[in-house]
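Numbers 1 to 620, taken from full-length UniProt numbering, label the letters of the sequence shown in order.
Keep in mind the hints are simulated off the structure, nothing from the lab.
Any given hint could be a false lead.
Said to hold, decoys possible - Pairs of lysine-lysine, DSS-like flavour, derived with a Cα cap of 27 Å:
1. LYS234 - LYS53
2. LYS450 - LYS490
3. LYS455 - LYS433
4. LYS554 - LYS583
5. LYS429 - LYS272
6. LYS583 - LYS433
7. LYS177 - LYS272
8. LYS309 - LYS272
9. LYS455 - LYS404
10. LYS567 - LYS494
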Amino acid sequence: MKRLSIRIKLLILILLALIPLILFQCVAIFRGLNHQTERELLSNVEYAEAISKVFVNYIEEVWIQEEMIANYITAQKNIPVGEIQSYLEESQFAQKIISSIHFFNLEGTILASSSHKPIGQVFDQHRYFQRILQGEEKVVSDLILNSEGEFILPVAREIKQEGELIGIIVAVIDVEKLASRFPSFLFHEGSRFTFVDTNRSVVYCSDPNVKYSRGQTIPFNFSAWKASKGELLKTANYKSEMDGTLRMRVVYPMNEIGWTCIVSSNQHIVLKEYYRQVRNSTIILILVSLISIGGAVLLGNHILYPMSKLKSAAYTLASGDYSVRVNVPGNDEIAITAQVFDYMAEEIEQYDKLKTQFFANLSHEFKTPINVIFSATQLLILKQDDMQDDLCKIEFQKFVKMIKQNCYRLSRLVNNLIDISRYDGGYLKLTLKNHNIVSLIEEITMSVTKYAETKEITILFDTEIEEKVIACDPDFIERIVLNLLSNAIKFTEKKGSIFINIYDRQDDIIISVKDTGIGIPEDKLGIIFERFRQVDSSLNRSNEGSGIGLSLVKALVEMQKGTISVKSKLGIGTEFIVGLPVKILAEKDIELCSDTINMNSIGERINIEFSDIYSVYECE
């Protein structure tokens with residue numbers, strides 16, 4: 001297949017880049033539509049709440065008028081019905097949409113009325129009447145079709161005298177005049193609100209040109225009945241059952257009277273402006289796409305330059321010049337690739353310097369004990385003829401110790417290098433055994449106290465518990481503690497102190513090794529566990545070391561699922577904190593072992609671990 005030119009590839013890249021851009025635009029349109037829809041639905045909720053409050057407030061006013069009439073009736077005992085009739089006839093209703101008010105006895109018979117026509121009629125089977133008899137204080141009836149074919153809306157209230165129900169007062173609302181109670185404006189063209197009673201009958205609709213007229217029952221599965229249970233419902237893309245238009249609808253529960261207020265908006269009208277914005281943004285996207293495709297060809301040469309520069313720098317880096325940098329500014333893909341290349345070259349250069357420094361340290365570490373061994377051997381050769389003298393024997397023993405100690409130093413360095421290599425290769429094996437960790441650490445600590453005393457350093461061991469058996473590798477624990485103690489002794493001046501504390505944290509055992517030494521600078525705390533890193537990296541530093549020990553300690557701790565951290569203040573001291581999980585091996589996995597340690601073995605380990613402090617003491 002013929003190779004494509006960079007310009008063609010760039011053009012393809014632009015086309016591929018436009019795909020997610022188009023998808024992003026589609027997602028943005030979808031999210032914007034959802035946001036706009038949700039905002040309009042919230043407006044519908046606010047309007048439904050307001051219009052419902054207007055209606056409920058009106059009902060409250062009717063109940064207040066009924067309460068005034070009830071107070072008149074109960075003001076005197078056994079008030080004549082004729083007097084009540086006269087009072088009702090003479091009453092001037094503040095609410096013009098109240099067509100009449102009736103006074104019922106408990107049998108449902110109208111005894112008095114503002115209109116003579118219904119007197120004597122019995123309405124005891126109506127639901128609102130039964131609800132009052134069942135103990136409700138005031139009730140709004142569902143829509144009722146009277147004998148004359150007119151829809152009425154009774155509003156009832158109990159009449160009590162000395163706590164005893166003596167009658168019912170009912171105001172009949174002329175539903176034809178309900179419109180006068182509501183605001184004449186609507187928040188959107190094509191919007192409407194509808195009141196639905198508990199029987200699913202349309203009581204009032206602000207839009208007369210709808211399929212469902214007053215008194216018509218809405219289908220049973222209509223979601224308004226969820227609202228009758230107190231649930232607010234918001235729906236978009238809803239095809240209206242009243243006129244077939246696509247609408248946004250809010251079904252608002254009127255909890256005070258058990259009704260439902262439905263507020264809906266014509267979705268096409270409400271979102272007309274948003275649809276216009278979408279159309280404009282789509283046109284802009286198409287124009288941008290065309291400009292991008294055209295610009296891809298023009299940008300080809302501009303892009304080829306940094307790519308050529310990057311290629312040249314890669315060859316230079318491969319030849320061994322790690323100082324090369326591309327230095328391409330910007331934040332496009334090629335610029336980012338060039339910056340990543342620069343970062344990679346910088347890391348390689350740093351590792352090369354670190355490698356050079358490590359081998360310099362390593363050669364220094366090997367050179368010092370070799371020189372000492374060589375010098376001691378030369379002196380032994382010179383003095384071999386004078387061995388009969390006691391002083392010469394002392395000198396001989398001194399040189400032998402020097403040779404032995406520096407052999408330990410070489411062993412320590414070689415062992416650390418071997419263990420690091422085994423750890424990296426996955427060959428360093430963890431052997432867990434159930435041990436009394438307190439006893440184990442105490443014996444390790446006590447085994448070095450005599451040496452610490454020769455440097456006039458006090459080692460203090462303390463523990464919260466006397467015994468704590470956990471699964472651990474005793475050899476690893478020994479190496480961890482000895483390394484931390486050797487560092488503490490190495491960097492603590494005479495008359496100083498080292499504190500080894502054990503804390504029980506239920507799920508963890510905390511081992512603290514704290515000294516009063518020279519401390520570590522704050523800017524060096526982050527690197528002390530890194531391999532081949534040292535606080536003092538100069539070749540003329542005051543203390544020996546390869547920079548391997550603490551990195552190996554960290555590896556040994558983490559192999560046992562533990563943690564290690566450090567706290568230090570320059571000139572005050574340093575504290576290393578090791579946390580080990582408390583877990584016990586099952587019986588089938590337990591190997592018989594002693595909580596005590598082999599003193600000959602630990603003596604050898606101390607000689608090796610402490611060899612770079614030039615000890616004259618050997619563990620016995």
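Unmet hints by their number, sorted upward, for this structure: 3, 5, 7, 8
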